[in-house]
Amino acid sequence: MCTALSLLTFKKEHLFGRNMDLEYTFGQRPVVVPRNYEYVDKVSGENKKIKYAITGMASVMDNHPLFAEAINEEGLGCAGLNFPDAYWEDDTKEGMENMPPYDLILWITGNFATLEELRPYLDKINLVARPFAENVGLPTLHWMVTDKTGKAIVIEKTKEGFKVYENKVGVMTNAPSFDWHITNLRQYMNATPVQPTSANWSDLELTPLGSATGGIGLPGDFSSPSRFVRVAFLRAQILMEDIENDGIIEFFHILNNVAMVKGSVITKDGKDEITQYSSCMNLEKGLYYYKSYNNNQINMLDMHKEDLDGSEMKIFPYNDVQVVNLLN
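Under UniProt numbering, the first residue of the sequence shown is numbered 1, with each subsequent residue one higher.
Heads up, some of the hints might be wrong.
No farther apart than 30 Å at their CA atoms in a straight line, the calculated lysine-lysine pairs in the DSS-like style are these [stated by the list, open to error]:
no.	residue 1	residue 2
1	Lys271	Lys291
2	Lys151	Lys285
3	Lys262	Lys285
4	Lys48	Lys163
5	Lys151	Lys11
6	Lys148	Lys291
7	Lys124	Lys151
The set of hints was computed from the structure by calculation and includes no laboratory data.
Take the sequences, apply the hints, and build the full model.
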């Protein structure tokens with residue numbers, strides 16, 4: 001399970017990122033992929049070349065970046081989240097962009113500068129069930145895509161077909177389908193950050209127990225629908241200030257509100273599902289921030305400090321040991 005979020009800062013910069021909720025790690029590393037990088041398409045067997053440089057979190061196998069989320073140098077971002085209802089085609093289709101689902105982020109961020117540039121190609125995508133390797137299972141995913149305009153879409157492929165939704169709330173979680181989550185928000189329209197006034201029930205005057213009572217009824221569990229509602233509410237109410245890094249601070253605070261701690265979510269196999277890491281990407285500046293479950297310190301990677309015309313992908317360490325700021 002995971003949660004994705006986009007956010008506009010006081011300085012009108014666009015942030016995009018996610019919580020990665022899993023019961024295991026997947027060899028994830030922050031990476032920078034240069035312009036014109038070549039990779040092997042597992043469907044066609046052909047070498048493919050990207051146009052734009054990319055940064056994000058990926059596992060790398062045979063020099064092939066398998067991105068969980070990424071942005072490119074032009075400010076187009078994409079994140080893939082677990083979606084059990086996903087369905088992949090068995091065969092390729094002539095005249096279509098045939099690709100495995102784990103390469104969709106690489107294809108989108110590697111070849112398009114904006115959401116509007118991407119839109120005409122969406123109905124040409126054919127996601128094919130080709131595992132990366134014999135010992136690597138196919139992921140079940142859906143995707144959120146956004147750019148520097150602040151607009152966002154959600155891409156879902158199920159047995160019912162290929163669908164693209166406009167995402168006006170800037171949030172995505174997991175199942176059910178995205179349109180179900182949007183309808184579900186209507187049940188929480190009365191939630192407010194404002195403390196309610198007193199009310200009279202018969203001859204009894206009722207007064208609030210204290211602040212925060214306007215939000216009574218917001219779900220507090222870690223299920224996909226509940227996380228969607230909670231993050232959508234917080235995003236809609238957030239107050240930004242004109243201080244350094246305020247957007248980053250608030251972004252991680254929102255994600256913290258739905259982060260899973262050890263023991264809070266147990267899978268059907270009896271394993272702890274936790275928020276392995278939380279990430280945030282600045283679309284204007286090409287910055288990738290993350291913090292891990294075991295290290296609350298925020299790490300930052302600036303893609304523009306790297307050689308974006310180089311020939312090699314650069315892989316950075318995944319910092320997962322707590323760093324403490326010593327005061328004496």
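Holds or violated: are the alpha carbons of Lys151 and Lys285 at most 30 Å from each other?
-> Since the Cα atoms of Lys151 and Lys285 sit roughly 17 Å apart, the hinted pair holds (cutoff 30 Å).
Pair hint outcome, Lys262 versus Lys285 [Cα-Cα no greater than 30 Å] | This hinted pair is violated, its Cα atoms lying about 34 Å apart.
Restraint check for Lys148 with Lys291, where alpha carbons must lie at most 30 Å apart = Holds. Lys148 to Lys291 sits at ~23 Å (cutoff 30 Å).
Quickly compare the C-alpha distance for Lys271 and Lys291 to 30 Å and report which way the hint goes.
-> Holds, at roughly 22 Å.
Compare the distance between the alpha carbons of Lys48 and Lys163 with 30 Å, and conclude whether the hinted pair is satisfied.
-> holds (25 Å)
Regarding the pair Lys151 and Lys11, is the alpha-carbon distance no greater than 30 Å?
-> holds (17 Å)
Do the alpha carbons of Lys124 and Lys151 lie within 30 Å of each other, as the hint requires?
-> holds (21 Å)
This entry does not satisfy hint 3, going by the numbered hints stated previously; all others are met.
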